[in-house]
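K.L.:
The primary structure of each chain is shown beneath.
There are 2 protein chains.
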Amino acid sequence: MYNILIGQSGGPTAVINASLSGVVSRALEKKDEIDKVYGMVHGIEGFLDGNYIDFEAELEDDDLEKLKVTPAAYLGSCRFKLSNNFEDEVYQVLFAKFAVLNIGAVFYIGGNDSMDTVDKLSRYGEKIGSSIRFIGIPKTIDNDLMYTDHTPGFGSAAKYVAATVKDIIWDCGVYKHPSVTIVEIMGRHAGWLTAAAMLARTEEEKNPMLIYLPEHAFNVTEFVESVKEAITKTNYVVVCVSEGIADKEGKFICEYGVQAGVDKFGHKMLTGCGKILENIVKNEIGCKCRSIELNLPQRCSAYMTSNTDVMEAFNAGSYGVDAALKGETAKMVGFKRYGEGYNIEYVLVDAGSVCNQEKKFPDEWIVNEGRDIAPKFLQYVLPLVKGENTTRFSEGVPEYVKPIYLKKKQYN
Amino acid sequence: MYNILIGQSGGPTAVINASLSGVVSRALEKKDEIDKVYGMVHGIEGFLDGNYIDFEAELEDDDLEKLKVTPAAYLGSCRFKLSNNFEDEVYQVLFAKFAVLNIGAVFYIGGNDSMDTVDKLSRYGEKIGSSIRFIGIPKTIDNDLMYTDHTPGFGSAAKYVAATVKDIIWDCGVYKHPSVTIVEIMGRHAGWLTAAAMLARTEEEKNPMLIYLPEHAFNVTEFVESVKEAITKTNYVVVCVSEGIADKEGKFICEYGVQAGVDKFGHKMLTGCGKILENIVKNEIGCKCRSIELNLPQRCSAYMTSNTDVMEAFNAGSYGVDAALKGETAKMVGFKRYGEGYNIEYVLVDAGSVCNQEKKFPDEWIVNEGRDIAPKFLQYVLPLVKGENTTRFSEGVPEYVKPIYLKKKQYN
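Going line by line, the protein sequences match chains A and B.
Residue numbering for the first sequence follows the numbering used here, starting at 729 and increasing by one per position.
Residue numbering for the second sequence follows the numbering used here, starting at 729 and increasing by one per position.
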């Protein structure tokens, strides 16, 4: 009998709490093997400060069910990179704290950096002969983790992007006068989420007419020509761009505005690439143009989750518990697609091989000289966005589980 | 027996098509009095170009039901102001076109400017002895029309703002380090929609800590002091501002950045007030700050509609048809609240008294020296956001009726 410890790390997705729910639910079922279920408050960083909770003392009624569709990170999060040097005292401190709490397994829900944490802790543990197991549960809207078909969080963000871009397309067409609308979508280095805007396109409406990902060098002159051509085909053009598009020298388009933009107090102003491109269209083409940065809601909104994503995120958590109980460590739970149609097998991959790598959007799915996405991507992404949200509402707004940092004053 | 003509005008709301559905549904029920039901494509402007449809030829299956939760304007829209001079030939042309189609009643769904159109057409009609009735159906997310308790479109936008701000609050609290998040909400002159962010606040979480409306002069120094104070109370501060906040000289805060902001091509860059305030917080307070402009989705998204709003928008349309059949003209359909709880009576108000006025957010509901909203507003707004969306999904994304400008190539 031992206790387990769970943490959440990095930017939350719409389903990071579904994974938490999966870990906790499964652990509470395993009463013969697992005693207490602890949660780090604010990840490794908060745990180092002595902040953790006992789930059974905190959970009420059907919180574990409601957590599946609760946004943000119930436990709070952190951005904390463990030292590369195992002599750093942080390792001793952490393992001493694990020992005090009789921790037998640690689950860390996060992206690349979190897998780095899982990898380092398990390697340090191996070095000192610890029997603690470390399991990573993937999470990122960017879908850029290696060795897994996709990542929990991506499906819901993709569904949000698709639904929102569809509403934007529907709306932007109402006037008969020409217009260009630029939608800036998250993705600094990987274009998966921007590509999901394809889901908003039906055969007859060609919008979004142009889609640009960071994996392909962006050229402003080519962009202007493409928009000019697009506007001869429809009176309203919707363009989707990743925030991280860059020119062939690697300079981000969002940096094109930096040097000269200052506010009235002389402070430098930063702006997104969408705003830069809006300005270029207005000045080079002269037609009505607006830019829309989907911003935080595409990552954090819990009212457009994919039920497939929610269930898979939950299952990944519960699969992780089973893996730890079987003695697995230094692993991340991954997804493997197999057979005809859409079938997912849960697998374990080395956390160390996942971290510090990024899975780029495949070259062969970027078509039309970097301006469009191949239909094959639709076959890939469609199953991931299926199934509708089940959020409950109270007084007109969604009803969620209150995260620990809202519930307990000391964590706020 | 005569025919009727319907148009949509101005920026669409999430429920402008629900009102359209209400007019068409009721008109089709009145077969003994109304023959054909026509729709202007792209409002008065498109109708002048000869563009209109016959609804019965276009509608399929349960389109009228699906239209209730279809975003954008099914008929297309326009921004077209009729001349103040009745000698202008546009009036003769329009009434000639009405005569050719044997139009007995015109329904125009829109905001202030549309009511101006209804008013002018009915006055011109009276002048020339026409028997055509002109009825306005209100629509605006701004909730700034006079002589009506509220306007269709506001409830859904308010619900979208409330749900999105709640998700943002939940998300912004995940880190233990201090942060400020500024949410910029639509409302150039009226703060109703920004005030709806109050719905995201529960008693325990005080966020959004600060709410600024355009009805109260904005002072940057005071703002900085208020944010500094707020951040002593919680480690993450969410501030909601109307896009139209202005200083006591009437200068928009969004204009504070204009003079110096240029991109690398030397073009002037425009940015919202949220971005300006983000920059001010970063520089004056030095803590992490981000701004989020809710932008178009708050107006056009159809997946966070209030069912109360949808039903009222539909009913306003159908009430308008009944009014016209009773011989009413030059009227806008309005809402009157009565009795205990929430009860709405549909009434008729003079279109001429509505247009060219704006209903401001009441002074007595702006409290704490312009930094907060009185709880009384919650009693007002809560019934308007109740009831959840009923959008159907297909292949993971919402399924809508295809607007005429997507359906017919000549209107695109």
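Possibly wrong hints are sitting among the right ones.
Given that identical chains are not distinguished, each listed pair holds provided it fits within a single copy or across any two copies.
List time: in silico DSSO-like cross-link candidates among lysine-lysine, alpha-carbon distance up to 27 Å [as the list claims (entries may be wrong)]: (1) 1135 - 1088; (2) 809 - 758; (3) 956 - 1087; (4) 855 - 1064; (5) 1114 - 794; (6) 1088 - 1010; (7) 1010 - 979; (8) 855 - 1010; (9) 956 - 1088; (10) 1114 - 1104; (11) 1087 - 1137; (12) 1064 - 1016; (13) 1016 - 1136; (14) 1137 - 794; (15) 1016 - 809; (16) 1114 - 1054; (17) 1054 - 1130; (18) 1137 - 1010; (19) 1136 - 1088; (20) 1104 - 934.
For the record, the hints were derived by calculation from the structure and aren't laboratory data.
K.L.:
A separate judgement is required for each hint: does it hold in the structure or not?
P.N.:
Right, here's what the structure says about each hint:
no.: 1; hint: 1135 - 1088; in the structure: neither (39 Å within a copy, 36 Å between copies)
no.: 2; hint: 809 - 758; in the structure: neither (31 Å within a copy, 70 Å between copies)
no.: 3; hint: 956 - 1087; in the structure: neither (33 Å within a copy, 41 Å between copies)
no.: 4; hint: 855 - 1064; in the structure: neither (31 Å within a copy, 74 Å between copies)
no.: 5; hint: 1114 - 794; in the structure: both (20 Å within a copy, 20 Å between copies)
no.: 6; hint: 1088 - 1010; in the structure: neither (32 Å within a copy, 33 Å between copies)
no.: 7; hint: 1010 - 979; in the structure: both (22 Å within a copy, 24 Å between copies)
no.: 8; hint: 855 - 1010; in the structure: neither (60 Å within a copy, 44 Å between copies)
no.: 9; hint: 956 - 1088; in the structure: neither (29 Å within a copy, 41 Å between copies)
no.: 10; hint: 1114 - 1104; in the structure: within (17 Å within a copy, 41 Å between copies)
no.: 11; hint: 1087 - 1137; in the structure: neither (39 Å within a copy, 40 Å between copies)
no.: 12; hint: 1064 - 1016; in the structure: neither (45 Å within a copy, 39 Å between copies)
no.: 13; hint: 1016 - 1136; in the structure: between (49 Å within a copy, 23 Å between copies)
no.: 14; hint: 1137 - 794; in the structure: within (22 Å within a copy, 46 Å between copies)
no.: 15; hint: 1016 - 809; in the structure: between (45 Å within a copy, 19 Å between copies)
no.: 16; hint: 1114 - 1054; in the structure: neither (32 Å within a copy, 48 Å between copies)
no.: 17; hint: 1054 - 1130; in the structure: neither (33 Å within a copy, 53 Å between copies)
no.: 18; hint: 1137 - 1010; in the structure: between (49 Å within a copy, 26 Å between copies)
no.: 19; hint: 1136 - 1088; in the structure: neither (40 Å within a copy, 38 Å between copies)
no.: 20; hint: 1104 - 934; in the structure: within (17 Å within a copy, 47 Å between copies)
Hint check: violations occur at hints 1, 2, 3, 4, 6, 8, 9, 11, 12, 16, 17 and 19; the rest are consistent with the structure.
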